[in-house]
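Once you have looked at the hints, place chains B and C on chain A.
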Amino acid sequence: MNPEEMPEQEHLPKPTVWPIGFAIGIAVVLVGLIVDPTYIAPVGALIAIVFGVLWARAATSELRGRTTAIEPERREAQVAPAAVSGDGAQPAGERFPRNKFLELSTLGLGGVIGGLVTVPIAGFAVLPSFLGQKHHRTDLGPVSDFAEGQWYISTFMTDPAEGEVSRRTAFVRNNGTTTVEGKAEPSFTIISNHCAHLGCPVQANGPTGAILGMKTISEHTVSGPIKLEPVVPAGFGCPCHGGQYDTEGNRTAGPPVRALDRYAFEIINGRLILLGTFSVAHVDGTGAQAQIHKYKSVGPGEHVDGWEQILYPINPPHN
Amino acid sequence: MAVTRRPPTKSEVRKQQMMAAVNFPLDWLEERSGLIGGVKYFLFRKVPSDTNWMQTLGSATLTAFIVQAVTGVILAMYYKPTPGDAYSSIQNITDHVTMGWLVRGMHKWGASVFIILMFLHMGRVFLFGAYKYPRELNWVVGVLLLLMGMLEGFTGYLLPWDQTAYWATVVGINLNGTAPFLGPWLAQFLRGGQEIGADTLTRFYSMHMLLIPGAIIGLILLHLYLVVRLGVTSPPWSKEEAGRERVDGDGSRPLPSGLTKPVARGAGGAK
Amino acid sequence: MAVMTRREAKRAQFGRYKADVKDRGKPFFPYAMFHDTVMSLVVVSVIIALASIWKWTSWAPHHDGTHQGLLGPEYAAPADPGTTSFVPRPDWYFYFLFYLLRIFKWPDSVFLGTVGVPTIALILLISLPFYDLSRERRLSRRPVAVVGAVLTILSMAILTWKGATAKEALASEVIADVPHWVQAQHLPPAAVPGAKLFAVAGCTACHTYLGTGSSNLGAPDLTAIGTRNLGIQFQIRHLQCPSCVNPGSPMPKFASLGTKRLHDLAVFLEASKGGK
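Residue numbers (this note's numbering), protein chains in the order written: chain A, 1 to 319; chain B, 1 to 271; chain C, 1 to 276.
By construction, these hints were calculated from the structure, which means they are not laboratory data. Be aware that one or more of the hints could be misleading.
For lysine-lysine, the following DSBU-like pairs were computed, each having C-alpha atoms within a straight-line distance of at most 35 Å [said to hold, decoys possible]:
no.	chain 1	residue 1	chain 2	residue 2
1	A	K227	C	K167
2	C	K260	A	K215
3	C	K273	C	K260
4	B	K46	C	K273
5	C	K26	B	K132
6	C	K167	A	K296
7	A	K294	C	K167
8	B	K132	C	K273
9	C	K167	B	K40
10	A	K215	C	K26
11	C	K18	B	K132
Just chain A, same shape as in the assembly (with noise of 0.2 Å):
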């Protein structure tokens, strides 16, 4: 018969490793085509024209006469057919399914992984909000800025690295000195203007410089740009939902749940530094002599005392 007319699936060669070894010459001569052509590269050529041959030989070897030895595909004995019944079935003598190991295995790593890579992302995402909360100092001017007596709208930057996104307002009065202790110590109002309602800018009530003739005083400090506007204001109002105050902060009307926020402060070589801020429940007296019942920091609309403060238990951590 003719080897042409033969179906090519019944006369396939046997495999033999002979083209591995030519693709090894080939790989050899690149290579010292680059490294060393001298040398490497002759090798590398010997070695494939030496298996090319070989390879050549045996893949012919059908035409050239030579018979191959060829092995039928045989079939694995068939199994006894009990032992492929199902994946229930045991083999005798195991004490702990091997798919139920598996099946618990596979969940329980699962569970691992999922573990190893939500809990650092949750905590990435979670977690600086709530951490390393910076502590601002800012510098307001000179104590000398503040006549006594007057009101001042201050805008300043809390961190001036962060640009116009940390620029906050205060309203601030000089109110003399005052007696703690037997000592003389200076005392100022610093109210916040983030209303104690939802955080919206609260107004002050009353002429500013322009209409008053008085001029806005313009300081630059290591907190940058500083802003001193004067006013003469009657109180203080939230243009959201109708929030109004007092002089001292504390609520007169609308929906705000207590009083305006106030900035700690400090007077360090003749000049004012506003700290953080911190809650206030009421005012009780004016000026110098105020009683301010104070509380940390807690966001807008939080009750900080009555009965409503139990809605509020835990706070996250502020400043």
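Relative to the frame of chain A, chains B and C by itself:
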């Protein structure tokens, strides 16, 4: 009687060739994925014959969402989510980028249109009673979509970083903060700190671009799957309403449940 | 025929629906899809039209997108966290929530307005199919549903409209109205300083005047306060301590403005005779 077939004309042959050319890639794809069959099922499934114009509101909402998604992706190529650059990047988009004013305008007004259409669609579904058995799950998915849509609007509103954006977000976050017990924690998480800052903007950007659209797309796919599976309702006032109990010929007794003999005026049923 | 349980009846109706659609339904494409396509085209056209109108009406006058055209300016002022003159408002689709917050004015009830009422409303909305269990879909036979829907739509619409028109009339807005007041009330020059003080001192948070301001806590309209001829001295005393002159008045004291400014205010109030 034997039928003699005349040989096909030239135009018929050309038509057959064209059909074969079109069908060849479709059959290739179908054999390897089954997708063409799915699309055909979606397109040619039966819907009640009396479906109403009001029932286009759902697909109209989907169109509005797609407009938002496409314009949003394009805007994201020019928008810079930092407090220092956000406002100026939007000025750049509006004034200098070719047709940037149109893409920005479409995105801004598309948001309002999307929300209006969602409410109208919800009203239509309520009107038709199409939230009743077996479509309860679809209603729940729909309300979740409404919620996601409004959150998408809320997070997107901050991105221009102008006065309206900043202060509306201050109030919105503090609103969440007044919720008892967990409110302050949620508010601080949303803000990325005690006060709104650069972290707030990037956080809202991530939610607006990735988290909420991902949720919306997943919910939309579920919503559409349920619509195809459970079918579209007929208007409740329709005489031909699919599923209405039919009465047989003389109108005296209802048919046993499950039979669908059509109402025939006067004479008995035909089929 | 035996009486079916509710569950069997529900399933039977759905079975009938499926069979009806199979027998007499029409293919989605092209019948229903045609309607969908037309409507989608309308939606896209409306969005493009709105974007274009926004552009042209805000850009045309000064070529910089700041004109308050038909649909508002293209650019609002950049964010200023330290502002004292801005009036915050949410996007229009949150106006109903915004106005709800103004309704819940009492501090004890704040969390009701912020989270209580909206959460209850959302729960009612999402669980609708679980408490409306009847199979009836015809509107004429669903009175509770129809009434509920009408009330909901009306209240949302009213809350939204009131939220849109709510004004808080503080210094930053009202000062611009003073020239109008001078003209409408024929105010003499001596009354103008008092008019400016009135505009910025927060009076309009509770009093209305020539259409500006809000009406809060029972404060009267002051457009024609001068016709009551209460006299300059009375006005000054009242402003210094309203509850001394008018027991029970919630009006705060304005003594801190100083004698001269109180006098200016009194002159303005006495000159406000209700104009033409």
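Hint by hint, here is what the structure shows:
Only pairs whose Cα atoms come within 35 Å are accepted, and K227 (chain A) paired with K167 (chain C) is accepted, the gap being roughly 29 Å. A hinted pair counts as satisfied when its Cα atoms are at most 35 Å apart, and K260 (chain C) with K215 (chain A) qualifies at roughly 19 Å. With a CA separation close to 22 Å, the supplied pair K273 (chain C) and K260 (chain C) stays within the 35 Å bound. Annotation: proposed proximity of K46 (chain B) to K273 (chain C) is violated, straight-line Cα distance about 74 Å (limit 35 Å).
With a CA separation close to 23 Å, the supplied pair K26 (chain C) and K132 (chain B) stays within the 35 Å bound. A hinted pair counts as satisfied when its Cα atoms are at most 35 Å apart, and K167 (chain C) with K296 (chain A) qualifies at roughly 33 Å. Annotation: proposed proximity of K294 (chain A) to K167 (chain C) holds, straight-line Cα distance about 33 Å (limit 35 Å). Between the alpha carbons of K132 (chain B) and K273 (chain C) the distance comes to roughly 63 Å, so the proposed pair goes past 35 Å and is violated.
With a CA separation close to 56 Å, the supplied pair K167 (chain C) and K40 (chain B) exceeds the 35 Å bound. The hinted pair formed by K215 (chain A) and K26 (chain C) fails the criterion: a straight-line CA distance of about 78 Å is larger than 35 Å. Distance hint between K18 (chain C) and K132 (chain B) is fulfilled; the C-alpha atoms sit about 15 Å from each other, no more than 35 Å.
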